[in-house]
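Q: Chain residues, written in single-letter form:
4 protein chains.
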Amino acid sequence: MKDFAAQDENFELRVRESFSRQNLMKTIGANLTKVLPGEVEISLGFRDDLTQQHGFIHAGIVATLADTACGYAAFSLMAADAAVLTVEYKINLLSPAVGESVIAHGKVTKPGRTLTVCSGDVFAVKGGDKKMVATMIATMMSIRDREGLAG
Amino acid sequence: MKDFAAQDENFELRVRESFSRQNLMKTIGANLTKVLPGEVEISLGFRDDLTQQHGFIHAGIVATLADTACGYAAFSLMAADAAVLTVEYKINLLSPAVGESVIAHGKVTKPGRTLTVCSGDVFAVKGGDKKMVATMIATMMSIRDREGLAG
Amino acid sequence: MKDFAAQDENFELRVRESFSRQNLMKTIGANLTKVLPGEVEISLGFRDDLTQQHGFIHAGIVATLADTACGYAAFSLMAADAAVLTVEYKINLLSPAVGESVIAHGKVTKPGRTLTVCSGDVFAVKGGDKKMVATMIATMMSIRDREGLAG
Amino acid sequence: MKDFAAQDENFELRVRESFSRQNLMKTIGANLTKVLPGEVEISLGFRDDLTQQHGFIHAGIVATLADTACGYAAFSLMAADAAVLTVEYKINLLSPAVGESVIAHGKVTKPGRTLTVCSGDVFAVKGGDKKMVATMIATMMSIRDREGLAG
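Chains as they are written, first to last, in our numbering: chain A, 104 to 254; chain B, 104 to 254; chain C, 104 to 254; chain D, 104 to 254.
Don't read these hints as lab results, they were simulated from the structure.
There's no promise every hint is true.
For chains that are exact copies, the list does not tell them apart, and a pair is met inside one copy or across any two.
Claimed, not checked - No farther apart than 25 Å at their CA atoms in a straight line, the calculated lysine-lysine pairs in the PhoX-like style are these:
| # | residue 1 | residue 2 |
| --- | --- | --- |
| 1 | Lys213 | Lys129 |
| 2 | Lys210 | Lys234 |
| 3 | Lys213 | Lys229 |
| 4 | Lys137 | Lys229 |
| 5 | Lys234 | Lys137 |
| 6 | Lys137 | Lys233 |
Only a predicted model underlies this, so the values are computations on that prediction, with no experimental measurement involved.
Pulled out of the complex, with its shape left as it was, chain A reads as follows (with noise of 0.2 Å):
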């Protein structure tokens, strides 16, 4: 896994800043807890109106973590004025989603100036165990050209 540089030193800010805007995330309660150039890191702690039949938590929220995290991890590497959208991904659920938290780490494989491709990976915590749970490709596109899209 390389390093990358962030062409815009405002990077974090605009990552918060748009993370901010997702309502999405403050209604299931996701944090973001890490932002480098090309690596972002989103946490949610466990609750009970997000889960599936069987208690654990909801395939479709371990893949929204893991997609939004890959999503800004991608967004971290691109310009000042570019939007970020999700073009496709594929996710493979590995172990439920039971304990405390869930962490979802995206990182960028290959950047470009139009489409970037990302890997994630979302880890469930139980007990100070960090198990993973899930692992998705994702392929991200930047937008620079629509009026509306901002962030």
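Since the structure of chain A is already known, use the hints to place chains B, C and D on it.
A: Using the frame of chain A, we list chains B, C and D on its own:
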């Protein structure tokens, strides 16, 4: 697309009962609007607290609906004592999910004893128009021997 | 599935000419059997030198055919001066590819200026029966400004 | 990435024997260059008869190598009497595969009794430089009860 026959005549009851235990579906206000053998539809009214930074329904919610519709489409064809888990899925976001509501269709492509492959399409409804906003392929697993998993 | 209109009236010629330059297609003996706007079919007779360890056509060949059919389905709707590249795809192998021949259908789901999303289905033909053996979602990219890439 | 222990001490022999029965690997000239528990590497010298229309190694071949490396990485951890089949995979093509050779690494992310999830990375080697050209997540299945499938 073939028609499938359910091996459990109570498949609809079983799907509805399991769906009702998905706390996340209550939290986001999703409704089960169609249950046929191998085919399930889930609807969601637009809600500002489920948006991403540009005001669209978050890709994670779009994916959650498609994943859940695919999961129950698979579950509808499973044995009465089986539980269903998502192995993996891949989703392409085709257009921003804007409008009054979002509808996710999940259909079984290939049922199997252990694995069932499904396709999911998500539509945004705006002023009477229905526009496809996402497409998914998902792999679901039938679990019959793990205690503590029901439905 | 909508019908699409080609923006380049010579789309079929362009597709056939590009296909003929794919050495791999010659190597494996694949044929372009249908070219419509947004829809392409590729066929391959069973060959023992393309099998995996159980004597089925190798998943890699099944995927190659679906990827190529999707790529040309996308390419058929692109501008006359565009080249096409595969961004990514996901494929589920549903059944072993056994029989006399394999047919891959690629269809455009959503065309776009930069990205085109396609779906691909692969069928094995055996004794008159046609069985679906794989299903794919693929993302294709239109490249218009990179020298050295034609078609 | 954890290290894994093989449950069958003859895992390398089993992998090499199965690989040698993959006719497609002979046809394209691929070689098994590393076999460890949960990790397999396959190499291929550049060949003009495996190219797509721009002279790059065809994405289908890149994917075939990654799929096969992932499949044998999974197989190396399986029981002595198991066969392996690819359930599905997703691949992103990051850069054109040009150069003297292509190397595919497959590694197990999460082994399982029925399903094993793997990641695959493909590199192109050109003039001493090694460049990542593709990344994959794959789901493999252990088959133990179907007659006619060995290895």
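Q: Taking the hints in turn, state whether each one holds.
A: Each hint, compared with the structure:
1. For the homomeric pair Lys213 and Lys129, neither the shortest alpha-carbon distance inside one copy (29 Å) nor that between copies (32 Å) is at most 25 Å.
2. For the homomeric pair Lys210 and Lys234, the shortest alpha-carbon distances inside one copy (18 Å) and between copies (18 Å) are both at most 25 Å.
3. In the homo-oligomer, the alpha carbons of Lys213 and Lys229 lie at most 25 Å apart only across protomers (19 Å), although the nearest pairing inside one protomer, at 32 Å, exceeds that limit.
4. With identical chains, the CA atoms of Lys137 and Lys229 are at most 25 Å apart within one copy only, with a shortest distance of 20 Å there and 36 Å across copies.
5. With identical chains, the CA atoms of Lys234 and Lys137 are at most 25 Å apart within one copy only, with a shortest distance of 19 Å there and 28 Å across copies.
6. Taking identical chains as interchangeable, the C-alpha atoms of Lys137 and Lys233 lie at most 25 Å apart only when both belong to the same chain, with a minimum of 17 Å there against 30 Å between chains.
Hint 1 from the list above is the single one not met by this structure.
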